[in-house]
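Student: Here is how the chains run, residue by residue.
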Amino acid sequence: MSGECRAQSTELDTRVNLLGIELDNPVIPASGTFGFGYEFAEIYDINILGSFSFKGTTAEPRFGNPTPRIAECEMGLINAVGLQNPGVDRVISEELPKLKKCFNKPVMANVSGFSIEEYVHTCALLDKEEQVGWIEVNISCPNVHGGGMAFGTSPEGAAEVVKAVKAVTTKPIIVKLSPNVTDIVAIAKAVEAAGADGISLINTLLGMRINLRTKKPVIANKMGGFSGPAIFPVAVRMVYQVAHAVKIPVIGMGGVSSAEDVIEMMLAGATAVQVGAANLVDPLACKKIIEDLPRVMEKYNIEKLSDIIGGVQ
Amino acid sequence: MKDVLLRLEKIEQIAKNTYLWVLSGDVSHITAPGQFVNIKLDGFYLRRPISVCDVEGDRLTIIFKAVGRGTEKMAKAQIGEEFLVLTGLGNGYDLTKSGDCPLLIGGGAGVPPMYLLCRELIREGMQPTVILGFNTADEVFYNKEFEALGARVIIATADGSMGIKGFVTNAMDGLDYSYFYTCGPEPMLKAVYNATATSGQMSFEERMGCGFGACMGCSCKTLTGYKRICKEGPVMAKEEILW
Chain A
6 MSGECRAQST ELDTRVNLLG IELDNPVIPA SGTFGFGYEF AEIYDINILG SFSFKGTTAE
66 PRFGNPTPRI AECEMGLINA VGLQNPGVDR VISEELPKLK KCFNKPVMAN VSGFSIEEYV
126 HTCALLDKEE QVGWIEVNIS CPNVHGGGMA FGTSPEGAAE VVKAVKAVTT KPIIVKLSPN
186 VTDIVAIAKA VEAAGADGIS LINTLLGMRI NLRTKKPVIA NKMGGFSGPA IFPVAVRMVY
246 QVAHAVKIPV IGMGGVSSAE DVIEMMLAGA TAVQVGAANL VDPLACKKII EDLPRVMEKY
306 NIEKLSDIIG GVQ
Chain B
547 MKDVLLRLEK IEQIAKNTYL WVLSGDVSHI TAPGQFVNIK LDGFYLRRPI SVCDVEGDRL
607 TIIFKAVGRG TEKMAKAQIG EEFLVLTGLG NGYDLTKSGD CPLLIGGGAG VPPMYLLCRE
667 LIREGMQPTV ILGFNTADEV FYNKEFEALG ARVIIATADG SMGIKGFVTN AMDGLDYSYF
727 YTCGPEPMLK AVYNATATSG QMSFEERMGC GFGACMGCSC KTLTGYKRIC KEGPVMAKEE
787 ILW
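Residue numbers (my numbering), protein chains in the order written: chain A, 6 to 318; chain B, 547 to 789.
Just chain A, same shape as in the assembly (with noise of 0.2 Å):
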């Protein structure tokens, strides 16, 4: 029967076009949910992705926030993992050498600050690595006090950011926006007149569980980050109103987990769209999304993907 279905989809095109770069198809796993793309290809070929963002990267090593980390929801999770990582330094020595034995494709370097020299130099360092395709600026980590966040809920700040790290860096910029603000919309205008090449939303919704035992908060950061499908209908709220308001591309993400999702966040106007949470509970979920676009995409007459980008109504 598979094998019907993949005769029958020879004609149909997943492929879009991010920032000059050809994806295979939409489908990129979202920072912190991938790694660096080892632990999923213990279990498949993780080169079917279109790209994958990979864990968000400062200048120094980071251990993070205590544990717990993690709380469960209802159709999602609280993360509150703060920004755990080997550094630049050793992601460039130790993790970047081990993702280009089991990924060929160009990758999307996630990077996270505390100053704007931070940014500065971190981007700066990631935009020499041959197999970096893009930087996405994280202005918009929830778990981190006085982290990026600090940059993404001010027009102001966020441009500035945008400013700073464009001018040491060459390839395509994009500035990854948290939906913890009043107005989504002027931030990404601000970022886009910074010089932004695109934008990714959303980050994760600032959240909160209470153990009715212990009443203590069950995340001992108290806060954070709250992601999966429960977030979806904001998200792609998030991405209309963005993507309706700038030129720039725009990647979509927060709660996608299959692939009528992934065509919804095109139709409201993403070029390309990031899978998070979803990797957590199904290692196998991007894979399985990919596979099932051509089904979805001839269901609904979809003959060229990257046709439908912004094709709401």
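None of these hints come from the bench; they were simulated from the model.
Fair warning: this is a prediction, and the values are worked out from it, not measured in the lab.
Treat each hint with caution, since some may be false.
For lysine-lysine, the following DSSO-like pairs were computed, each having C-alpha atoms within a straight-line distance of at most 27 Å [said to hold, decoys possible]: (1) Lys103(A) to Lys548(B); (2) Lys106(A) to Lys773(B); (3) Lys773(B) to Lys105(A); (4) Lys622(B) to Lys586(B); (5) Lys252(A) to Lys293(A); (6) Lys227(A) to Lys736(B); (7) Lys548(B) to Lys221(A); (8) Lys548(B) to Lys220(A); (9) Lys292(A) to Lys548(B); (10) Lys220(A) to Lys736(B); (11) Lys293(A) to Lys622(B); (12) Lys293(A) to Lys548(B).
Let chain A serve as the given structure and place chain B on it in line with the hints.
Tutor: Using the frame of chain A, we list chain B on its own:
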């Protein structure tokens, strides 16, 4: 690591709030005692990580305590139900260090992984002693199963309703052993750590997101660097633990 569909063949309450499941299917990716599986339940977003109690042929035995909504649902499962289970997770215990007469210490929900470990050690010709710690007699399980394997079994209950009155560390007093393996709540692990000069391995618990090393939700600091409980753990050498 492999995600497999397993069928529930047997469900039995074996002690207070404690249930045993036997699942069947491809469990070939489980390679060491001390590993765990991550079970998908309908209606719950995250999977439930449960340690492997026994694996033989195509059968997997797990034992869990019904303590939250997820495990309470598991306690009501029906024979014939199928579950998506991510198998072969975590490092498991290293048997090569055991010496001739290792000591196995399991506390409460930390008892199950000791069973497969005990069986494998006996298979290799070792003579393990097993200490099982519980709060009360009605919580005790698997003591007869350990005896049937041929191990010497010592029970400790906090209220003295069965076996030695006190903690597993009271049962450790005066015992001679070549090495130790333990799994249980963190206060117990800490007490064991402080009660022995012998080398050993300890299995840790933490709230997990994915269970296979992707989310960094369960990281801990050790003397040999940051480790993910689900990937480089759950078993750590005593010498690398940083309390």
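Student: Sort out whether Lys773(B) lies within 27 Å of Lys106(A), counting only the CA atoms.
Tutor: 23 Å, holds
Student: Are the Cα positions of Lys103(A) and Lys548(B) separated by 27 Å at most?
Tutor: 22 Å, holds
Student: Straight-line Cα separation of Lys293(A) and Lys548(B) no greater than 27 Å?
Tutor: Within the cut-off at roughly 15 Å; holds.
Student: Does Lys586(B) sit within 27 Å of Lys622(B), going by the straight-line distance between their CA atoms?
Tutor: 15 Å, holds
Student: Lys292(A) and Lys548(B): Cα distance at most 27 Å?
Tutor: Holds - the C-alpha atoms of Lys548(B) and Lys292(A) are around 14 Å apart, at most 27 Å.
Student: Would you check the hint for Lys227(A) and Lys736(B), treating anything up to 27 Å between C-alpha atoms as holding?
Tutor: 26 Å, holds
Student: Between Lys220(A) and Lys736(B), is the straight-line Cα distance small enough, at 27 Å or below?
Tutor: 25 Å, holds
Student: Check the hint pairing Lys293(A) with Lys622(B) against an upper bound of 27 Å on the C-alpha distance.
Tutor: Violated. Lys293(A) to Lys622(B) sits at ~30 Å, over the 27 Å cutoff.
Student: Verify the proposed pairing of Lys773(B) with Lys105(A), using a straight-line Cα cut of 27 Å.
Tutor: Holds. Lys773(B) to Lys105(A) sits at ~23 Å (cutoff 27 Å).
Student: Would the hint linking Lys548(B) and Lys221(A) be met if the CA-CA limit is 27 Å?
Tutor: The hint is violated at about 35 Å.
Student: Does the structure keep Lys548(B) and Lys220(A) at a Cα separation of 27 Å or less?
Tutor: Given that 27 Å is the threshold and the Cα spacing comes to 37 Å, the pair is violated.
Student: Taking 27 Å as the top limit, are the C-alpha atoms of Lys252(A) and Lys293(A) close enough?
Tutor: Since the Cα atoms of Lys252(A) and Lys293(A) sit roughly 31 Å apart, the hinted pair is violated (cutoff 27 Å).
Consistency note: the structure conflicts with the earlier hints numbered 5, 7, 8 and 11.
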